[in-house]
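Please build the complete structure, drawing on both the sequences and the hints.
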Amino acid sequence: MSGLDALILGIVQGLTEFLPISSDGHLALAEHLLGLRASGAVTGIFVDVTVHVATLAAIIVAFREPIAALAAGLLRGARRAWQDLGLYAVASVPAAVAGLLAKDAIASLYTSLPFVGAAFVLMGVILWSARGKMHGTRERPNVWEAFVIGVGQAAAIAPAISRSGCTITAALWRGIDPVRAAEFSFVLGVPAIAGAALLEVKDAASGIAQVGKGPLGIAFAAAFLSGLFAIGLLRRLLRARAFHRFAPYLWVLGVLTLVLAAARGAT
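Remember, the numbering used here sits 1172 above the position in the sequence shown when you count from 1.
No lab work stands behind these hints, which were simulated from the structure alone.
Check before you lean on any hint, since a few could be wrong.
[What the hints assert, rightly or not] Estimated spans, in silico, between C-beta atoms of each pair: (1) Arg1310 / Pro1363: 20 to 30 Å; (2) Ala1229 / Val1351: 17 to 27 Å; (3) Ala1243 / Ala1435: 49 to 59 Å; (4) Arg1436 / Leu1247: 48 to 58 Å; (5) Leu1428 / Arg1248: 24 to 34 Å; (6) Ala1279 / Gly1304: 35 to 45 Å; (7) Gly1367 / Ser1280: 14 to 24 Å; (8) Leu1370 / Ala1277: 13 to 23 Å.
Glycine included, C-beta positions come from ideal geometry on N, C-alpha and C.
Here is the structure:
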């Protein structure tokens, strides 16, 4: 892998992990276009792990205050903090179950351009459904709503289905304040992203020699910095109630991906 390939994949991961346009879908498309999957599955998986860890670090840095407040509250035995932890735990269950049961079945979809294209279109429909739903004032979901948000996160194990897009949309539909919805979504994403990386790392242990430390470092730095930028951008868009405006981009990208798949005879 060249340094330029690593830079492209890092930027793609950092921007698309947090913007509601699906990091995995963009990575699958980018890796297909760059030929990384064709050159070796281990190489692709190892790069995926690296950039996912980078975006995990970006979440921790960007949301350090609520994460630190939650940790401090838990140590003090604060009731609100333990209630919040319970909500995160409930919301984490669907993705944990889906990841364990469906990981192998979903893996083949990452190389299916027709599926990726169709999923981009579907994700656009999901985002468009949030228009008019961005005036909520509630600070957090109840237990049932946390579970529903978790189901949205579970759906995002499929490529081109955005984790942040599904979870934030679900929260907006239930009247959660847009910025609070993003905070809940991304803090919830810490165990999800970490778990996804751990599930893949055993398959990628030999990948460092194939990829090289230099490109991996470039991919990590690019994903981390672009991730911080994307989080800030998403916060501004949510305050401006413009979250749903990513939908047309996804529709265009989905159609172009389907055209590319047809041109290449992809399945």
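### Query
Measuring from beta carbon to beta carbon, are Ala1279 and Gly1304 in 35 to 45 Å?
Roughly 37 Å apart at Cβ, these two residues keep to the hinted range, so it holds.
### Message
48 to 58 Å was suggested as the range; check whether the CB atoms of Arg1436 and Leu1247 agree with it.
### Response
Once the Cβ atoms are compared, 55 Å apart, the range 48 to 58 Å for Leu1247 and Arg1436 holds.
#### Entry: Beta-carbon spacing of Leu1428 to Arg1248 - inside the hinted bounds 24 to 34 Å or not
Distance hint for Leu1428, Arg1248 is violated at roughly 52 Å.
### Message
Assuming the hint says 14 to 24 Å, is it satisfied by the Cβ distance from Gly1367 to Ser1280 or not?
### Response
Distance hint for Gly1367, Ser1280 holds at roughly 20 Å.
### Query
When you take the CB atoms of Ala1229 and Val1351, is the distance between them in 17 to 27 Å?
For Val1351 against Ala1229, whose Cβ atoms are near 21 Å apart, the range 17 to 27 Å holds.
### Query
For the pair Ala1243 and Ala1435, does the Cβ-Cβ distance stay inside 49 to 59 Å?
holds (51 Å)
### Whether the CB-CB distance between Leu1370 and Ala1277 falls inside 13 to 23 Å
holds (19 Å)
### Message
Is 20 to 30 Å respected by the C-beta to C-beta distance linking Arg1310 and Pro1363?
### Response
holds (23 Å)
Checked against the numbered hints given earlier, this structure breaks only hint 5.
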